[in-house]
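Each protein sequence line maps, in turn, to chains A and B. Under numbering that gives the first Met the number 0, the residues of the first sequence are numbered 0 to 358, in order. Under numbering that gives the first Met the number 0, the residues of the second sequence are numbered 0 to 358, in order.
No lab work stands behind these hints: they were computed from the structure. Be aware that a few hints might be false.
Copies of the same chain look alike in the list, so a pair counts if it fits in one copy or across any two.
[Unchecked claim] Below, simulated BS3-like cross-link-like pairs (lysine-lysine); rule was C-alpha separation at most 27 angstroms, straight line:
1. 109 <-> 184
2. 195 <-> 121
3. 114 <-> 286
4. 109 <-> 121
5. 184 <-> 121
6. 110 <-> 195
7. 195 <-> 114
There are 2 protein chains.
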Amino acid sequence: MDTGLKKELETVSKLITQTIAEDTFPSGISPECLASAVRAYPIHGGKRIRPALLLWSCGALGGFPDSALYAAAAVEIYHSWTLVHDDIIDEDDLRRGLNTSHVELAVHAKKAYRKDRGTCAKFGRDFAILAGDMQQAWSFAMLLRSAEKGVPPELVLKLVSALALTVNRRLISGEAMDVEFPMRKLETIRPEEVMKMIAGKTSCLLQFAAQCGGAIALNSADFSCEPLAALGAYAENLGIAFQLRDDYLGLFGDVRKFGKPLGSDFQEGKPTPLYLEAMHRLSDAGKKRLLELTGLPEYPQEIIDELRAMMRDCGAEDTLLRRTESFTERAADALSLLPQNRYTGLLSALLDYLLARTV
Amino acid sequence: MDTGLKKELETVSKLITQTIAEDTFPSGISPECLASAVRAYPIHGGKRIRPALLLWSCGALGGFPDSALYAAAAVEIYHSWTLVHDDIIDEDDLRRGLNTSHVELAVHAKKAYRKDRGTCAKFGRDFAILAGDMQQAWSFAMLLRSAEKGVPPELVLKLVSALALTVNRRLISGEAMDVEFPMRKLETIRPEEVMKMIAGKTSCLLQFAAQCGGAIALNSADFSCEPLAALGAYAENLGIAFQLRDDYLGLFGDVRKFGKPLGSDFQEGKPTPLYLEAMHRLSDAGKKRLLELTGLPEYPQEIIDELRAMMRDCGAEDTLLRRTESFTERAADALSLLPQNRYTGLLSALLDYLLARTV
Numbered sequence: 000m001d002t003g004l005k006k007e008l009e010t011v012s013k014l015i016t017q018t019i020a021e022d023t024f025p026s027g028i029s030p031e032c033l034a035s036a037v038r039a040y041p042i043h044g045g046k047r048i049r050p051a052l053l054l055w056s057c058g059a060l061g062g063f064p065d066s067a068l069y070a071a072a073a074v075e076i077y078h079s080w081t082l083v084h085d086d087i088i089d090e091d092d093l094r095r096g097l098n099t100s101h102v103e104l105a106v107h108a109k110k111a112y113r114k115d116r117g118t119c120a121k122f123g124r125d126f127a128i129l130a131g132d133m134q135q136a137w138s139f140a141m142l143l144r145s146a147e148k149g150v151p152p153e154l155v156l157k158l159v160s161a162l163a164l165t166v167n168r169r170l171i172s173g174e175a176m177d178v179e180f181p182m183r184k185l186e187t188i189r190p191e192e193v194m195k196m197i198a199g200k201t202s203c204l205l206q207f208a209a210q211c212g213g214a215i216a217l218n219s220a221d222f223s224c225e226p227l228a229a230l231g232a233y234a235e236n237l238g239i240a241f242q243l244r245d246d247y248l249g250l251f252g253d254v255r256k257f258g259k260p261l262g263s264d265f266q267e268g269k270p271t272p273l274y275l276e277a278m279h280r281l282s283d284a285g286k287k288r289l290l291e292l293t294g295l296p297e298y299p300q301e302i303i304d305e306l307r308a309m310m311r312d313c314g315a316e317d318t319l320l321r322r323t324e325s326f327t328e329r330a331a332d333a334l335s336l337l338p339q340n341r342y343t344g345l346l347s348a349l350l351d352y353l354l355a356r357t358v
Numbered sequence: 000m001d002t003g004l005k006k007e008l009e010t011v012s013k014l015i016t017q018t019i020a021e022d023t024f025p026s027g028i029s030p031e032c033l034a035s036a037v038r039a040y041p042i043h044g045g046k047r048i049r050p051a052l053l054l055w056s057c058g059a060l061g062g063f064p065d066s067a068l069y070a071a072a073a074v075e076i077y078h079s080w081t082l083v084h085d086d087i088i089d090e091d092d093l094r095r096g097l098n099t100s101h102v103e104l105a106v107h108a109k110k111a112y113r114k115d116r117g118t119c120a121k122f123g124r125d126f127a128i129l130a131g132d133m134q135q136a137w138s139f140a141m142l143l144r145s146a147e148k149g150v151p152p153e154l155v156l157k158l159v160s161a162l163a164l165t166v167n168r169r170l171i172s173g174e175a176m177d178v179e180f181p182m183r184k185l186e187t188i189r190p191e192e193v194m195k196m197i198a199g200k201t202s203c204l205l206q207f208a209a210q211c212g213g214a215i216a217l218n219s220a221d222f223s224c225e226p227l228a229a230l231g232a233y234a235e236n237l238g239i240a241f242q243l244r245d246d247y248l249g250l251f252g253d254v255r256k257f258g259k260p261l262g263s264d265f266q267e268g269k270p271t272p273l274y275l276e277a278m279h280r281l282s283d284a285g286k287k288r289l290l291e292l293t294g295l296p297e298y299p300q301e302i303i304d305e306l307r308a309m310m311r312d313c314g315a316e317d318t319l320l321r322r323t324e325s326f327t328e329r330a331a332d333a334l335s336l337l338p339q340n341r342y343t344g345l346l347s348a349l350l351d352y353l354l355a356r357t358v
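So here's chain A without its partners, still in its complex pose (with noise of 0.2 angstroms):
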């Protein structure tokens, strides 16, 4: 990654972190089990690509990034949420390299209620459905307090119904439709529709970040005016060049770094780009020998390098590093409509950095 580029990725994680560990929502929580759980994915944190992209987005329309501080946590804390129920619904064990949230409150079951296995693992989901219910409220409230930064209350509103109709239903309609596909005859399922979920799933929070941060800039929530238009595309194709990354590199990566295990969409039949390209283009043996590989229960070593020769040889990895460019260079094209400065050179070395990452 470009070193400036680092360093300012690490200032937006210790100011997010710090504003959401400031934040008092969890200290009403009981059992305290449950406020640390609340806490846990918003304060460890990712790569806090989302609030780095409201904050900069804020500053590339002349804004004062300060003033979108609450809105840049709030996107943060709204992302940990879809990404707790994501991991029950997932049955994920693991989510950056750490127990995941479901996973983490069934180990303190065991230790403080001394339950057998299943209840525990019972307790643990149940638990993670109230923490990520509690985690959306805070999202709204965190962007409430936006007020406190000078941002006036009729723009506030605007923004925190964006979240809540446009986000929320695009978001978990795309999430939706990801649980929905396995269930689904794997031929009936349009290369649009899974374009169409991870539209959702990944780039309409990716695209209210950018737009929230550049309207807190404007004082407008005009999201079809000329630069609220060109930053929404610019994070838009963004999103799915991320996501089509986090596809290739769910096969092709490395799971030292990765933080969740190789293959896993494979083992759950997820429909995605990689896999309906490499369907399209794999003879009848190629295809049933695919669908052998779909659905195990573990993925070693040789299964991976198998799937990834298999999609090496016949054009489906090259078909999805040149999809991944063809989005980030629309993402480009955007951001060249807008004004030239500090945070629209942040915004270029971000997506340089995303279609460059091997992990």
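Following the hints, complete the assembly by docking chain B onto the known chain A.
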């Protein structure tokens, strides 16, 4: 029920059903079965006590109930999402005599995807998590619409903030305590913890409903001013009385009218006020028998009859009824501090009904 009250509750119910049914939030959701799940509880509804409280509290302080219409619909939708997640956690099959959300979604999955029972049950739970997540956002979006009815943006912001900060934390903490109690040793659970749980799980949304209606009437979110404090005390005590009555009916009610199986609290080992009171009063032999009757897989009529006799004979039933009456009286005392008009008359009739109800 008083025929005047019944008619007024029906009027509120029709108005709320229409307002919720006409709102476009669910129309943007895919897949369609998720949109149906998001609509189901809010449109089918229960007694509509929360929106009635909100509208009548607005009227009681001289406001126009119509200005509080979207706020009233919002608290009903808020109540719905907590029920959807509650039903997953409690593994309940029935709600208001119909399939619960996760069961209905599992039934849909069986028909639509023809997968095995376990897969469809998991799909039902996963989609019900997402349906509740969307309903929480829907309730915020609905409350935000209050601005369309002339409620000033500053007040709307404060009401949304109270819903996100106070109600969410207290209500979900209450739900979490309810989930945690059965994990702990029965003798470690203090009656005051149970009362805190009940206040969070039931009272705090009722309290918000009453104060929100009053705040819209007064154009002030100062919940500590005398009329809003009195409305809050009325609704809080009414909520506790309501919940104590509900615990009573969970054993002594009529299953055909109650809408869920009798004895389910005993099945789940919940330390209800009735249960703790009985454990306090029973002889060692009685306690032993009560523990034998806790956590059974089924509760046929002869077990219900035995539990009823046990609660009656040790005096726990009578204590519960007297405590219910005491909270009802506190609610009536708070109500007497408010102006006497048609709306406070309805609030008073609601209280009488809740004390006297048999179902």
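Just pull the numbers of the violated hints for me, sorted ascending.
none
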